[in-house]
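> Using my numbering, the first residue of the sequence shown is number 9, and each one after it goes up by one.
No lab work stands behind these hints, which were simulated from the structure alone. This one's a predicted model, so the numbers in the text were calculated from it and none came from an experiment. Honestly, I wouldn't trust all of these hints.
Restricting the straight-line Cα-Cα distance to at most 25 Å, the calculated cross-link-like pairs of lysine-lysine (BS3-like) are [as the list claims (entries may be wrong)]: (1) Lys345 to Lys185; (2) Lys185 to Lys235; (3) Lys335 to Lys345; (4) Lys72 to Lys115; (5) Lys235 to Lys183; (6) Lys115 to Lys185; (7) Lys345 to Lys334; (8) Lys273 to Lys252; (9) Lys239 to Lys279; (10) Lys183 to Lys279; (11) Lys336 to Lys279; (12) Lys185 to Lys72; (13) Lys183 to Lys345; (14) Lys185 to Lys239; (15) Lys279 to Lys334; (16) Lys185 to Lys279.
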Amino acid sequence: MILGASITVGVMNLQLNRASEQATENLVRYFDGTLSRNLANDAASYVLGLYADSATLRVQNSAKLSSSIFSDVGDHSLTYSLYDTTINIEKNDHEVVKLVMRAEYGKSVHEVMVYAGTTFGFVPEPLRGAVTANGVLDNTIGDLHIDGRNHTEEGELENFGGVYGISSGSAFTNKGKAVIGGTDEDGNDYPASNPANTLSVEQSHNWSNTFPADPDGVFNFPGGTLKEVAKSGVAGSQYVANPKDLQFPLKGVTYVDLPEGVSWKAAWLGKDPAGILVVHNSSGTARVENIASETPFKGLIIADKMFHIHADVLGAVMLLSNSLEKKKICTGNHENKILFSREAIQHATYLTSEKGTGWRGRVPIFGWME
């Protein structure tokens with residue numbers, strides 16, 4: 009009996025030891041798997057940050073990432089490649105960069121694949137139309153051709169990524185008989201027409217009661233950011249109080265800080281204007297009149313007030329003042345177009361992002377797969 013009991017206890021101890029070893033092995037496997045997964049994702053973010061700072065970065069053949077970058081993790085191995093390819097999204101081919109990151113930790117291996125866009129930058133969240141304003145737009149747009157469907161920077165129509173033709177914080181009446189098209193909230197496109205399809209125009213939107221009061225607010229930047237960028241001169245940026253002091257072509261961030269009570273009349277943008285054009289003052293009364301250019305402006309125009317738009321725009325226009333033109337009606341600009349271009353806006357906004365700040369908000373991601 010005693011011998012049988014001893015054998016039973018021995019078998020039980022052996023089973024318990026095996027169970028304990030299995031539990032330990034499972035715990036180690038889980039730990040290694042979690043570590044390798046986190047490493048792969050963190051390392052992918054790290055490389056995307058490098059890519060955001062240097063758009064020409066490519067690693068055609070698999071290369072090792074220095075272990076010192078994640079030195080606190082312990083013994084591990086990271087290899088990656090970064091190369092150009094094409095993917096199809098909504099029946100359109102898009103040139104992208106594919107990042108493949110492979111992480112090894114212990115006995116676990118985890119791989120992440122990321123498809124990143126080659127056009128950096130972002131479209132500001134408050135911008136909801138090819139023309140966006142909190143005030144009444146009825147008298148401002150005249151008989152323009154306004155299309156919120158997405159276009160390339162060269163004006164070619166895309167079939168995804170559009171916005172409303174008009175987005176207003178007030179009711180809208182098309183007094184100038186503008187031709188308007190756009191994209192609704194569900195992504196449905198409506199060609200430009202007069203009368204416009206009601207689904208291509210957004211009325212009485214309230215931006216959760218937070219419509220930007222100044223240009224920095226459009227981007228959710230700290231106050232004075234755009235002015236600082238303009239004064240820095242980076243990528244041709246410039247800051248002036250008198251439009252006569254502007255240097256051409258306009259590029260980067262062009263900040264026209266008009267004195268209170270002064271309008272920029274016969275506003276000439278020259279040839280090949282691009283970037284972010286700001287016309288603003290601290291009182292929110294800066295007004296642009298008879299804006300024109302030799303070639304289309306590519307990017308984003310932000311002004312307190314605007315009247316008589318006789319320039320073509322590939323990008324978008326945003327007006328900040330609640331008190332837009334209410335007496336006069338603009339006419340004679342039916343040959344001019346404002347075509348929403350996500351690409352042009354992204355090119356313009358990329359300039360405002362600082363190097364070393366990572367990829368979020370700078371590099372568009374089309375897919376992140378594990």
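> So, for every hint listed, does it hold in this structure?
Right, here's what the structure says about each hint:
Between Lys345 and Lys185 the CA atoms are separated by roughly 14 Å; this keeps the pair inside 25 Å, and the hint holds. Between Lys185 and Lys235, the direct Cα distance comes to roughly 36 Å. Violation of the 25 Å bound is thereby established for this hinted pair. Proposed proximity of Lys335 and Lys345 is supported: the alpha carbons are some 23 Å apart, at most 25 Å. Straight-line distance between C-alpha atoms of Lys72 and Lys115 comes to about 18 Å, which keeps the hinted pair within the 25 Å bound.
Distance hint between Lys235 and Lys183 is unfulfilled; the C-alpha atoms sit about 35 Å from each other, more than 25 Å. With a C-alpha separation of about 68 Å, the suggested pair Lys115 and Lys185 falls outside the 25 Å cut-off, and the hint is violated. Among the hinted pairs, Lys345 with Lys334 is consistent with the structure: their alpha-carbon atoms are about 22 Å apart, no more than 25 Å. With a C-alpha separation of about 11 Å, the suggested pair Lys273 and Lys252 falls inside the 25 Å cut-off, and the hint holds.
Taking the CA atoms of Lys239 and Lys279, the gap is about 22 Å. The hint holds against a cut of 25 Å. Simply put, Lys183 and Lys279 have alpha-carbon atoms about 31 Å apart, too far for the 25 Å limit, and the pair is violated. With a C-alpha separation of about 29 Å, the suggested pair Lys336 and Lys279 falls outside the 25 Å cut-off, and the hint is violated. Annotation: proposed proximity of Lys185 to Lys72 is violated, straight-line Cα distance about 61 Å (limit 25 Å).
About 17 Å separates the Cα atoms of Lys183 and Lys345, which keeps this hinted pair within 25 Å; it holds. At roughly 40 Å between alpha-carbon atoms, Lys185 and Lys239 are farther apart than 25 Å, so this suggested pair is violated. At most 25 Å may separate the alpha-carbon atoms for a hinted pair to count; Lys279 and Lys334 exceed this at roughly 31 Å. With a CA separation close to 28 Å, the supplied pair Lys185 and Lys279 exceeds the 25 Å bound.
Of the numbered hints given earlier, the model fails hints 2, 5, 6, 10, 11, 12, 14, 15, 16; all others are met.
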